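Asker: Those protein sequences? They're chains A and B, same order as listed. If you read the first sequence in our numbering, its first letter stands for residue 2, the second for the next number, and so on. If you read the second sequence in our numbering, its first letter stands for residue 2, the second for the next number, and so on.
There may be inaccurate statements among the hints.
One copy or any two copies: either way a pair holds, since identical chains are not told apart in the list.
[Stated by the list, open to error] Calculated cross-link-like contacts (lysine-lysine; reagent style PhoX-like; alpha-carbon spacing at most 25 Å):
{"id": "1", "residue 1": "126", "residue 2": "54"}
{"id": "2", "residue 1": "217", "residue 2": "54"}
{"id": "3", "residue 1": "262", "residue 2": "126"}
{"id": "4", "residue 1": "78", "residue 2": "262"}
{"id": "5", "residue 1": "217", "residue 2": "78"}
{"id": "6", "residue 1": "269", "residue 2": "216"}
{"id": "7", "residue 1": "78", "residue 2": "263"}
{"id": "8", "residue 1": "269", "residue 2": "217"}
{"id": "9", "residue 1": "263", "residue 2": "226"}
{"id": "10", "residue 1": "216", "residue 2": "262"}
{"id": "11", "residue 1": "126", "residue 2": "78"}
{"id": "12", "residue 1": "269", "residue 2": "226"}
{"id": "13", "residue 1": "217", "residue 2": "126"}
{"id": "14", "residue 1": "262", "residue 2": "217"}
{"id": "15", "residue 1": "263", "residue 2": "54"}
{"id": "16", "residue 1": "126", "residue 2": "216"}
{"id": "17", "residue 1": "216", "residue 2": "54"}
{"id": "18", "residue 1": "226", "residue 2": "262"}
Simulated from the structure, these hints should not be mistaken for laboratory data. Predicted model, so just to flag it, every value in this text is computed and none were measured.
Chain by chain, the residues run as shown.
Number of protein chains: 2
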Amino acid sequence: MASTPQAAAAPTPALVFETLMAYQRSAALRAAIEIDLFQAIGEGPGDIASLAKHCSASERGVRILCDYLTIIGLLSKEGDRYHHTPTSAVFLDPRSPACLGATARFLGNPDLHEPYAHLADIVRKGHTVLPGQGTVEPENPIWVEFAHSMAPMMAPMATPLGSIVLDGHNGPVQVLDIAAGHGLFGIEVARQNPEAHITGLDWAPVLEVAHANAKKAGVADRYTKLPGSAFEVEYGGPYDVVLLTNFLHHFDPPTNVGLLKKVRAALKPGGRAAALEFVPNEDRVSPPMAASFSMTMLASTPSGDAYTFRELEAMYRQAGFGNVTGHPVTTGPHTVVVGHK
Amino acid sequence: MASTPQAAAAPTPALVFETLMAYQRSAALRAAIEIDLFQAIGEGPGDIASLAKHCSASERGVRILCDYLTIIGLLSKEGDRYHHTPTSAVFLDPRSPACLGATARFLGNPDLHEPYAHLADIVRKGHTVLPGQGTVEPENPIWVEFAHSMAPMMAPMATPLGSIVLDGHNGPVQVLDIAAGHGLFGIEVARQNPEAHITGLDWAPVLEVAHANAKKAGVADRYTKLPGSAFEVEYGGPYDVVLLTNFLHHFDPPTNVGLLKKVRAALKPGGRAAALEFVPNEDRVSPPMAASFSMTMLASTPSGDAYTFRELEAMYRQAGFGNVTGHPVTTGPHTVVVGHK
């Protein structure tokens, strides 16, 4: 569009309709994952009859779904046959190690979609209309779903996060993993440093998922469970590293400053607190994935946000940290922000 | 993206996440229309405090919503101020005659969104899971909403449709407008030909909307109401022209052939039946807006579809029509398909 002068001269209503109908995109992708369409596509030959048979679905439904996925760029079509695009082959075929299909369970959770039916009210009020504290309500069961479903999205960030927080440390390292979730980040630190000991903190049912993953990774003997709220439980320690992954965005700055003070108190001198966050640029509208995460926080929390680096740095400094550094992760939309005690 | 060789070489998961989160785009635009944000933007100066005041909304909510709309291309941002894009100025500011805001009421109707929560089931079964016949259930009240809300989307198509169906006829013309809805298409024919008489057919409560629009346009003395089902009511006639706007896509081909036979019987020799339709190319995946309309028909009807020209031509011919011609409308996503008796 940008390269077509006529398009700039005469705006069309296409973007308005596309946007009003965009909800169909999410539903179509969720449905395709649910009926196992992307495995069927990968196995070929990709004609409607074979796909419908693999998916135990109607030919009318499969044809219209495949055409729709082709229109939105998630399949390709040649004649009457459908094939993977490079994106769907890597990220949607269950046979691919990078398959993200499981994330649809969390990102498509009806409880998380519900607030968007009342978004005008939320914008008026300025906070979620979900009951209690929304997604940050104590013991909210969605975090068990998160732990089960979101590991494939977070996995590509684990290796760079591990090397950023270890920063070459080879000896014994005590690590507190706050809001451990699936546990992948702490587990990756334990993998990269065989003398690292991880304490995972989260709601007890969530920690069961993290602990199962630690067992699978062969590091359960260096993994301790600390169940409870990050705001209430005693951290123990002292620690060399505290991980705060996908956590600070749920709360307002004063709450985060209070939490970071508690984190700092549990660190050894010279210790580091490392947050994995969606960090938009100072303009707050780029890059798109990090910046648009604010909308999720508006709809689902009382006062969370996707904070800019300057805002996160200010919170760290108010909590007593020095030398705050940002490390964009090239394998995903996140940035690691490290504060030093 | 297409111009970046690296993007083609190494697929990223961005499109997968964008698609899973696309439902937020529809919700954000609906919320912005509901709180009157686009009028506030047009009036300026576009800072958060002024916008929040105009919209009786929270500053946090308005800031996050405006940033989000900027990310998806429906606002622009300079420093801390938000402005219209060319698209939002023309199609979203209520002060613009081409404003499409009202269409959000129909396109955002929760009853129409509900099936997408069960789209996998719909794909399996091959038809809507809405009660009865879905959106084509007799007397379904959504068509009153359609008549009230969708006129701004359909208005740009009315003038070209009128000139295609009149095709230079200046004398008296009898026109039957099947599924009249808002009535705009028949009314436009009456405007272009002062000797045209229009008979609007639709459910009685819908016809009230069409008749009110005919009054507003000053053509009520040439407008007759024919309430009922297009499949059951006697058409009267004979007619020179029968309009079938946004109607055939709701039904399967045998049903349409039956209807077209009934239409043909009500036409004078040499008369024309003109359907306004979303007509995808033979590949069924282009152009995007017409082709993706099949998804709406899958989710909301037992057996509707966006038919290709070849399919529509076959239905017309089976019903006895000859000389079937297609006329893409440059002012919208529709095509006028005319069959001659």
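Asker: For residue 269 and residue 226, with the copy left unspecified, which applies at a CA distance of at most 25 Å: within, between, both, or neither?
Answerer: within (20 Å within a copy, 83 Å between copies)
Asker: Classify it for me, residue 263 with residue 226: is the Cα-Cα distance of at most 25 Å met within a copy, between copies, both or neither?
Answerer: Cα proximity of residue 263 and residue 226: one copy only (19 Å, versus 74 Å across).
Asker: At most 25 Å between C-alpha atoms: does residue 78 with residue 262 qualify within a copy, between copies, both, or neither?
Answerer: The answer is neither: 55 Å in one copy and 35 Å across copies each exceed 25 Å.
Asker: Is it within, between, both or neither when you check residue 126 against residue 54 at 25 Å Cα-Cα?
Answerer: between (49 Å within a copy, 13 Å between copies)
Asker: Is it within, between, both or neither when you check residue 263 against residue 54 at 25 Å Cα-Cα?
Answerer: neither (57 Å within a copy, 38 Å between copies)
Asker: I want to check one pair: residue 226 and residue 262. Are their C-alpha atoms no more than 25 Å apart within a copy, between two copies, both, or neither?
Answerer: Answer is within; shortest intra-copy Cα gap is 22 Å, inter-copy 73 Å.
Asker: Is it within, between, both or neither when you check residue 78 against residue 263 at 25 Å Cα-Cα?
Answerer: Answer is neither; intra-copy 55 Å and inter-copy 37 Å both fail.
Asker: My question is about residue 126 and residue 216: at a cut-off of 25 Å on alpha-carbon distance, are they close within one copy, between copies, both, or neither?
Answerer: neither (45 Å within a copy, 41 Å between copies)
Asker: At most 25 Å between alpha carbons: which applies to residue 217 and residue 78, within, between, both or neither?
Answerer: Result: close neither inside a copy nor across copies, 39 Å intra and 48 Å inter.
Asker: Under a CA distance limit of 25 Å, which applies to residue 262 and residue 217: within one copy, between copies, both, or neither?
Answerer: So residue 262 and residue 217 fail the 25 Å test inside a copy (34 Å) and across (67 Å) alike.
Asker: Classify it for me, residue 269 with residue 217: is the Cα-Cα distance of at most 25 Å met within a copy, between copies, both or neither?
Answerer: neither (30 Å within a copy, 78 Å between copies)
Asker: My question is about residue 126 and residue 78: at a cut-off of 25 Å on alpha-carbon distance, are they close within one copy, between copies, both, or neither?
Answerer: between (46 Å within a copy, 23 Å between copies)
This entry does not satisfy hints 2, 3, 4, 5, 6, 7, 8, 10, 13, 14, 15, 16, 17, going by the numbered hints stated previously.
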